[in-house]
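Between the sequences and the hints, there should be enough to build the whole structure, so can you do that?
Convert by adding 402 to the 1-based position in the sequence shown; the result is the number in this note's numbering.
I should point out that these hints are in silico values taken from the structure, not numbers from a laboratory. A hint or two may mislead.
Calculated cross-link-like contacts (lysine to aspartate or glutamate; reagent style EDC-like; alpha-carbon spacing at most 20 Å) [to be verified]:
(1) K630 <-> E685
(2) K1069 <-> E1091
(3) K1059 <-> D1081
(4) K1069 <-> E1094
(5) K630 <-> E1078
(6) K630 <-> E1055
(7) K1059 <-> D1044
(8) K1059 <-> E1078
(9) K1059 <-> D1077
(10) K1059 <-> D444
(11) K1069 <-> D1090
(12) K1059 <-> E1138
(13) K1059 <-> D1090
(14) K1059 <-> D1071
(15) K630 <-> D643
Just the calculated beta-carbon pair ranges, DEER-fashion [said to hold, decoys possible]:
(16) E405 <-> G842: 51 to 57 Å
(17) D906 <-> G842: 18 to 24 Å
(18) T961 <-> R903: 34 to 40 Å
(19) G842 <-> E1141: 21 to 27 Å
(20) E990 <-> R839: 32 to 38 Å
(21) T961 <-> E1078: 28 to 34 Å
(22) W1096 <-> D509: 33 to 39 Å
(23) F845 <-> A682: 39 to 45 Å
Just so you know, these numbers come straight off a predicted model, no measurement behind them. C-beta: ideal position from N, C-alpha, C; glycine also.
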Amino acid sequence: MVERPALDGVRIVDLGWGIAGGYATKLLADAGAEVVKVELPDGDPLRGYSASFAAVDGYGPLFRFLNTTKQGVMLDYRTAAGRDRLLDLYATADLVMERSEPGELEDLGVGWEALAERRPDATMVSVSNFGRGGPWSQRPANEFTLMAIAGSTATRGQPGRIPFNAGGRIGEWMGGVTAAVAATAALRRARRTGVGDHVDLSLLETITPTCTNVQTLWGSFTGDFDTKALLEVPSVEPTRDGYVGFCVFTGQQWQDFTVLVGHPEWADDPQLATMGGRIAAGESIAGAIAEWTSARTTEEVVHEAILLRIPVAPIGNGANLPEFDQFAPRGVYVPHPGGGFLQPRVPYRNRTHPSVDFRPAPRLGQHTDEVLEGLTSGDRPVGAARPAGTDPEASPDALPLDGVRVVDMTAFWAGPYATLVLATLGADVIHIESMQRPDGMRFGSARTPAEDRWWEFGPTFQHANVGKRSITLDLTRPEGMALLHRLISVSDALVENFSPRVIDQFGLDWDTVSALNPRMVMVRMPAFGLDGPWRNRVGFAQTMEQVSGMCWLSGYPDTAPQLARGPSDPLAGLHAAYAVICGLHARERTGSGSFVEAIMVETALNAAAEQVVEHTATGHLMQREANHHPHACPQGVYPCADGQLIALSVETEQHWKGLLAAVPELKLDQVSASDELADRYAARHRFDELIEPWCASLAAADVVERLISYGVPAAELEISRGGDRNPQVNARGFYEAVEHPLAGTHRFPAMPVRFGRQPDRWFARPAPMLGEHNAEVLGGLLGIEDDELARLEAAQIIGTRPAFAPASPAV
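Quick look at the structure:
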């Protein structure tokens, strides 16, 4: 039975702007919320933006994509009359989403306290560069400089060349989906308790772990902080007609790859078994790989690699993506409802509570009269008293997902990241592994296989599973599956990211799961979808970056595209977590569960949507150009006199005026034909020629201090494993010390949001050891007796060591 959308009946006042603010409320609107976008008379800066600099008449293609299905209201809330009307609008809202720097709304009298006074059950989500509080909270910044501060930019580049930022402003998209997750979690608690909250989101904290593969934790576990930007082998390789992308992650994939490229002898070389060893081998194998791929078309390479189940992908871009044979028949790209271009559909599909049909993005102020005239209509009078809440036992001081139990059938990083988010928000997450097939991310370890229990020392595994419980079940045997069925029957959500054929073999289709538990929210995370010709292909984060267009925009113009280095995994995880929480919203209204397909590649396609949107709107194919991008100029990474690098980005008119004031001696106002961004961008190389020697004459800290004192975003590049050294994140307590019984104590990045009503710490327990909670869950929750647990362990249906390591070594 098809029900109303998950967030139907929720009203959101949207004071956001740009990508992060726009994408957050787009996700909420897609799920059925009524989103009222409130703009000042100047409008959202994206209204006038096009990557091609085509005339857009205040209605740019990227803006239109991000603001699909919203209503548009123009209010100058800097005036007393406009402020009063905005406060009237607040009185009808369940949520206010805002994207300002700390103090801006408060100074105007429309901040959190003003909302709480009018709607005690309403929530405000505040998205800012650094978050509220801390020594850098007022520091000028944008996505480009935040990526530099986080240590992300330093992970990309080639020896002897300047590092480059990932193309497409991925940090902003990550911030948008994180804000949507925080918003829906806070809304759920407010609905249950009748008490709203103020949620404070830091974009820097969002970016630091997700765009660096938690490199700070790798440094802590290994003691090795001196990392360099290197090219994976294999990665994006040339073909006869373009490029093809590989992701060789496991030992089996490497062995299969050696067969693919005609060098099976490489499989016998222990140095080449690891990525680090292959990188060290350099051209001796990289050249041979490129020679093999260059002799074939992309289609031929993909076909041969798929036969060996090697993760592989064609390299997508704005021109070719809509025609890929997986996306066209599945209808992944759809016409914008106002016409003029194609845009990706919603990246998840709830079969029971479908997304709303897209409506055109609003013109500036298009719905002002309609919305403001209806403020006092309906069942929500202005100044309505706090409702009692739907659950009298729910505490407004508990974490938002307190009381939710999640069956976590995920592995590697994308799926576990989804359930990490749920666990951190208060859910009891039970991670399912088996002795026969532990989570593959355990094997990305800081210890060698010569050391006992080396699989318990994986930094990425530890981060993705902190706060969870672990049980082992051999699901290939009836007894193991029967125990899983019992666990499903007493849980609220199930998340899995196996390949579709594996779940099919287990017999865990939606009909089976819903029969076991009609209230279950089931989220499946296939790489490419549950149908279509790519259904059974294997895909990791690198694959998603390659196929989605993220790679196409990342790198130097004279080389092959390069990886964005991992953000697709947490991006997919955050979207899946969002889908779970939306499913819980719908269940609390209807009493019934729902089935969701959260497609990993489609989350990446949404975050890379600008390329297809721009190409189909204007015919312009966006290209990679290292650190140049048409949304900002000057922009670049520059070496300084002390050998350090700085990132500089001039995105707004205010930034441009600040730069001219900061360095009048460079006469930058004489470089371009005008001060307009299009003219500045046309002169981008000339700007570099003037800025580079100026930076080279000064120490990096002096350059940054001078620029930020004039309001120009600038930052020193941090090394990839140094993001936890930043005084801002440390002042805000973003990193929490977590003690693991084997791995010791390390500082873990926590959630990049602070709820006004949250405990002092996010993490109540470390990541679990394999099968650590078998007795606690199977015995305590399911009531299995001790003698039966012992029998199950003897039969290796459960256990605490991988099957390949059955006994501890002699002491």
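Which numbered hints does this structure break? 5, 6, 7, 12, 15, 16, 23
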